[in-house]
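Using the sequences provided together with the hints, build the complete structure.
The listed protein sequences correspond, in order, to chains L and U. Residue 1 is where the first sequence starts when you use our numbering, and the numbers rise one by one after that. Residue 1001 is where the second sequence starts when you use our numbering, and the numbers rise one by one after that.
The hints are simulated quantities; they were obtained by calculation from the structure and are not laboratory data. Fair warning: this is a prediction, and the values are worked out from it, not measured in the lab. Please note that a few of the clues may not be correct.
Under 10 Å between C-beta atoms, here's a sample of chain L residues computed to sit facing chain U [stated by the list, open to error]:
1) Pro239
2) Val252
3) Glu280
4) Trp477
One-sided and incomplete, this derived list gives chain L residues near chain U with beta-carbon spacing under 10 Å [unchecked claim]:
5) Met95
6) Ile236
7) Trp442
Glycine included, each C-beta is placed from N, C-alpha and C at the ideal position.
Chain by chain, the residues run as shown.
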Amino acid sequence: MAGATPATSGISGFDLAIIITYMAGILAIGTYFGRYVKSATDFFLAGRALPFWAIGMSIVVSDIGATDFIFVGGAAYSYGIAAANFDWMGSMPAMAIAAFVFMPYYWRSSVYTIPEFLGKRYNAGVQIIHAAIWGVFMVVMLAVIFWTTANFLNTTVGWPIPLSIAITVIVVGIYTLSGGLAAVVMTDVIQMIVMFVGGIALLVLSLWEVGGWSSLQAQIGEMAKADPKYADHFTIMLPNDTTTPYPWAGIVLGLGLIMSTAYFSGHQGIVQRCFGARTEWDAKAGMLFGGFLKSFIPFMVAIPGLAAVIIVPGLATGDNAVPEMINQLLPAGIRGLTFSALVASFMSSADTYLSSASTIWTTDLYGRLYQYRKGKAPSERHGLIVGRIFTVVFIIFAVLMAYPIGQTPSMYTFIQKSLSMFQGPVFAILLLGIMWKRATQWGGLAGLVLGVASSTILHNTQGLFTISDPFLFVAMWSFVFTVIVTVVVSLCTRPEPEEKLRGLIFGQVIKDGKVQRVLLDRVS
Amino acid sequence: MAQENSTAIPLSFIEKASASFGKFMDGVSTAFSNWITAVFKPILSPIFDPINAFLNTHYLPWATICSLGLFIAGMAWVFTLKRQYVNLDAPGKGPLYDLRLWTIVSMMPHVIVYLYFARWS
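Next comes the structure, spelled out in structure tokens:
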């Protein structure tokens, strides 16, 4: 969370040189892609030319922020291997569904954003509500990430907060502004490689230090005899009434089926990479490749967190575990590289939110308003200029808001909770929109509005669930409620015309390759 | 530590405003939550209490079966889809480009992990 990065020190001059070289290199590579940006499609969708491997690597690094690196390690330190569920249970099943159910229809409909797809499938009301919520969320999250990055650089490298924010803004802002999604994705590729090198180094040295995996299990097993809080450190599925945030039913049903699917199918920052795929196959393959890579993340994060139980016992908070391990275990050079990996994941999150916020505001809010007033969509050139203006405006806003938001953790928590309340309902109308042709625009609108209301009620009704922060259960039940509302209202309203639904409904094309080829040609 | 360093910056107004805003947000959030609880808990408890009780009494082996089942069902589901649909626009025709096999390969590390850490009783 913002402002929670633990204090560390011990960065040598060599480490610092690596971090600075890394930042300069990322800036140069990202800016290089600016020469290929000539239109809004180039800027927002990388000219629809992204290969699967770049999409997959970019999805992973965008998904795994440095906060995840620190907090998943910290959660593994405190609660055990169950903390890894968010990267294991919360990835591959959802990514397969995203790849084979959602991506083909997103890609074929040539949309820039999820709200735009919802607008095509339902109506402008659904599009604007969805875009407004995501647009505001992403801009505020950008401020949070600027603050967190600056705080991290301040504690590790010793740079003052204003200087740290300035450096982050200059690096991320310039390459995102000039190169758009292509720069974001290609810098993500480098950032992922750096993240994996640093993460693997940390994993290997952690296990080396504790005498290997068996020794780690034996030592924590011994500790569990004296302190029962370590008893479940190697149990991946915990009881439903656990005091940890990982009850098994919430993990399987809430996370595995609903929240993670909503995330990988409906998070603009994630799916925008697939919108920019060069072919439909690359969009699907990119999602699967990302899922494969993501399966290794917990090994690099959670296992060092477990090893920290032995190496650095008695920490005040588990969130200090990974930075402490980096400081204690890694030699100069590798330590700089690992800190670069953490900076990389911060920057990747920042560029994702910046790029996606700009896309949503340009396409779904400004674009809708322009169309309403002028009766036509903005031209490609117009979209490019507006997109860049929004990018600059969001950078300025985020810089101005970084400090106040960083100093107000309750606001950050409020924003995060608000978004989690939105996930179940949005996923419900996305799923019904693609899977059920009878879902109508009014069903979708009612489902979205009442679904968000239901999750607000569920989240704020104290004592309804056995765990203190029941967001997994809230996502699951608000999804169920939204499905019911959408189905009931849809059945009570007039069906959508066939013409509107063509190419947007799963069953229409899955049964016949020739039909889908015709639809694909029509779209392109 | 970062926050200590940053206090050297003349930002006292922003700090005070942020703190006040934070307190205001906390107050609003608590009041809203109390109101929602008073109104809706009597309605929702009869629905959710039996579900919670059921889930609390069903742990092992169901947790393990459900977690593994999700991955295995995912792998099986992909093979129910038409090959043309799954592999449309593939750059080649061999198994290397078959995304159904990619799904199996991508899910196997997860299955192995869940089997390794599984508890059955």
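Evaluated hints:
Using the Cβ-Cβ criterion of 10 Å, the hint placing L/Pro239 at the interface with chain U is satisfied: the shortest such distance is roughly 5 Å. For L/Val252, the shortest C-beta to C-beta distance to chain U is roughly 5 Å, which falls under 10 Å, so the interface hint holds. At about 5 Å, the closest approach between the beta carbon of L/Glu280 and any beta carbon in chain U falls short of 10 Å, and the interface hint on this residue holds. At its closest, the beta carbon of L/Trp477 sits 8 Å from a beta carbon of chain U; the interface hint therefore holds under the 10 Å criterion.
The closest approach between the C-beta of L/Met95 and any C-beta of chain U is roughly 8 Å, which is under the 10 Å cut-off, so the hint is satisfied. Restraint check, L/Ile236 versus chain U: the minimum CB separation of about 4 Å is within 10 Å; hint holds. With a cut of 10 Å, the hint placing L/Trp442 at the interface with chain U is violated, because the nearest CB-to-CB distance is about 26 Å.
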